[in-house]
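Trainee: What follows is each chain in one-letter form.
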Amino acid sequence: MTSAVEARGVGKVFGSGTDSVEALSDIDLSFSPGDFVSLIGPSGCGKSTLLRLIADLAQPSRGELIVNGKSPRQARLDRDYGMVFQAATLLDWRTVRKNVELPLEIMDFDAAARTARAEEMLALVQLERFADHFPWQLSGGMQQRVAIARALAFSPAILLMDEPFGALDEMTRELMQQEVLRIWEETAITVVFVTHSIPEAVFLSTRVLVMSPRPGTISEELVVDLPRRRDEDTREDPRYFKLVTEVREALRRREREHR
Amino acid sequence: MLALLILVLVVWEAYKAIWTAQGWEWPIRPDNRTMPHTWDVAVALAEPAQRNGPPLVWVELQAALLTLREAFVGFLIGGAIGFGLGVLFVRSSTAERAFMPYVVASQTVPIIAIAPMVVVWGGRVNLPQWLSVSMIAAYLTFFPVAINTLRGLRSPEPTSIELMRSYASTPSETLWKLQVPAALPFIFTALKVSAAASVIGAIVGELPAGLRGGLGRDLLQFSQQFTAAPQKLFAAVIIAGLAGIAFVGLVTFVEHRVVAPARRQTT
Numbered sequence: 001m002t003s004a005v006e007a008r009g010v011g012k013v014f015g016s017g018t019d020s021v022e023a024l025s026d027i028d029l030s031f032s033p034g035d036f037v038s039l040i041g042p043s044g045c046g047k048s049t050l051l052r053l054i055a056d057l058a059q060p061s062r063g064e065l066i067v068n069g070k071s072p073r074q075a076r077l078d079r080d081y082g083m084v085f086q087a088a089t090l091l092d093w094r095t096v097r098k099n100v101e102l103p104l105e106i107m108d109f110d111a112a113a114r115t116a117r118a119e120e121m122l123a124l125v126q127l128e129r130f131a132d133h134f135p136w137q138l139s140g141g142m143q144q145r146v147a148i149a150r151a152l153a154f155s156p157a158i159l160l161m162d163e164p165f166g167a168l169d170e171m172t173r174e175l176m177q178q179e180v181l182r183i184w185e186e187t188a189i190t191v192v193f194v195t196h197s198i199p200e201a202v203f204l205s206t207r208v209l210v211m212s213p214r215p216g217t218i219s220e221e222l223v224v225d226l227p228r229r230r231d232e233d234t235r236e237d238p239r240y241f242k243l244v245t246e247v248r249e250a251l252r253r254r255e256r257e258h259r
Numbered sequence: 001m002l003a004l005l006i007l008v009l010v011v012w013e014a015y016k017a018i019w020t021a022q023g024w025e026w027p028i029r030p031d032n033r034t035m036p037h038t039w040d041v042a043v044a045l046a047e048p049a050q051r052n053g054p055p056l057v058w059v060e061l062q063a064a065l066l067t068l069r070e071a072f073v074g075f076l077i078g079g080a081i082g083f084g085l086g087v088l089f090v091r092s093s094t095a096e097r098a099f100m101p102y103v104v105a106s107q108t109v110p111i112i113a114i115a116p117m118v119v120v121w122g123g124r125v126n127l128p129q130w131l132s133v134s135m136i137a138a139y140l141t142f143f144p145v146a147i148n149t150l151r152g153l154r155s156p157e158p159t160s161i162e163l164m165r166s167y168a169s170t171p172s173e174t175l176w177k178l179q180v181p182a183a184l185p186f187i188f189t190a191l192k193v194s195a196a197a198s199v200i201g202a203i204v205g206e207l208p209a210g211l212r213g214g215l216g217r218d219l220l221q222f223s224q225q226f227t228a229a230p231q232k233l234f235a236a237v238i239i240a241g242l243a244g245i246a247f248v249g250l251v252t253f254v255e256h257r258v259v260a261p262a263r264r265q266t267t
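Which chain is which? The protein sequence lines are G and W, in order. Following our numbering, the numbering of the first sequence begins with 1 at its first residue and continues without gaps. Following our numbering, the numbering of the second sequence begins with 1 at its first residue and continues without gaps.
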């Protein structure tokens, strides 16, 4: 089985000469299709940079990246991934429905297919009633759900999420996590999720990659052996607490070594 | 708007009355030559412009229509050129660096210097006179549109551009689906400035073109007769102002149909 994302010796350097900053160094990883992988680490550890390399929004300085069995560039051109940013980045002159249809327009879906897909995606994120609203009429959490619907509209194999719930309040955040898990179960999509929230990483993921800064490397990898189906009870499961503690300790260990 | 107009008329007449009674002459002398009575201006508008001719208001409204037509054509030409330059500059920073200084320089040359040249060049290539005047109006129109189009096309967040990139969108799809819609509020702000400027361009352009029947010729003629009949110049100025208001109003009308309410800049 080909892996969804694979990296071999990937490094990224910003700038050149004495001003250069090594953002990522010696990244080796392999995600299987259907994995829910979280990248977690302090700010500046290069977790967003790694996501951007996978998305072909930036190019690695060293090493090789394979996304869905091809180069990141080819994967982008083949529309193999959908992207969700920290800000919803909805186009404010388009209704919710038209925002979800945006990628479909670019990808030359015909009008009937666009309408059908948009309906389906808005049902998936439970926003059918708001199809004809404009983004500014929606709460932050709802806007982010539209962004998720938009990213999934063209059925990509991989969903890349860059701190998607970072700007949301705790309550909304937990609801959104439930939502993402439900979608992940229903679509069997591979998710790469960047976060700096330890409970969020553990609650959502099948695997957690702990990253450390200067230069950004993957310092530890934890397999989350919670049942695949998770709900509010999971948050009170002793195994969940144990894993949260393990991730926290992994992050602390790294921090101590850097001091 | 009407209330303000009445207020201006009342203040005007009150100023005249008080300053005349007190014998004040500063800052503006209140005599009928410097400040004609509002009703004298109204009478001038109603009186025939020439013996047994139609009233002045009718003549000037027709003149305004001619001038507005020149201004409108110039506005369309200048708007298209300005939009084109904005798109060119956002696509190519080389083009921006190469052309922008000249675009800016073009606006520092006074229109009274450019206008005769355009008229002479237009004459050489047998351009109709009114179209030469339109070119002068276009000269004043393209600059604000170019600058604001460029700014508007650059207004989307970097993440929006990256979103389009993640869809493997072509540059022209990104332009038409993201950048141009994002630029519309900016462009309409420029178009309102340009609408007013194009009327000025047309009025000034009519003078070296020697074009009869437009507002330019009449404004020049009335300003020469100002000491004898100041109310006529005031009357013509009022009509010219109305022409500008009508044009800007038209642009605003279109804006309200094109740009969503939440994105409109209030002007």
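Rather than coming from a laboratory, the hints here were simulated on the basis of the structure. Quantities reported herein were computed from a predicted structural model and do not represent experimental measurements. Among the hints, erroneous ones may be present.
[To be verified] Lysine-lysine pairs mimicking BS3-like chemistry, simulated, CA-CA at most 30 angstroms apart:
| no. | chain 1 | residue 1 | chain 2 | residue 2 |
| --- | --- | --- | --- | --- |
| 1 | G | K98 | W | K177 |
| 2 | W | K192 | W | K177 |
| 3 | W | K177 | G | K70 |
Trainee: It remains to establish, for every hint, whether it holds in the given structure.
Mentor: Results for each hint:
Restraint check for K98 of chain G and K177 of chain W: the C-alpha separation of about 11 angstroms stays at or below 30 angstroms, so the hint holds. Simply put, K192 of chain W and K177 of chain W have alpha-carbon atoms about 24 angstroms apart, close enough for the 30 angstroms limit, and the pair holds. A distance of roughly 28 angstroms separates the Cα atoms of K177 of chain W and K70 of chain G; the hinted pair therefore holds under the 30 angstroms criterion.
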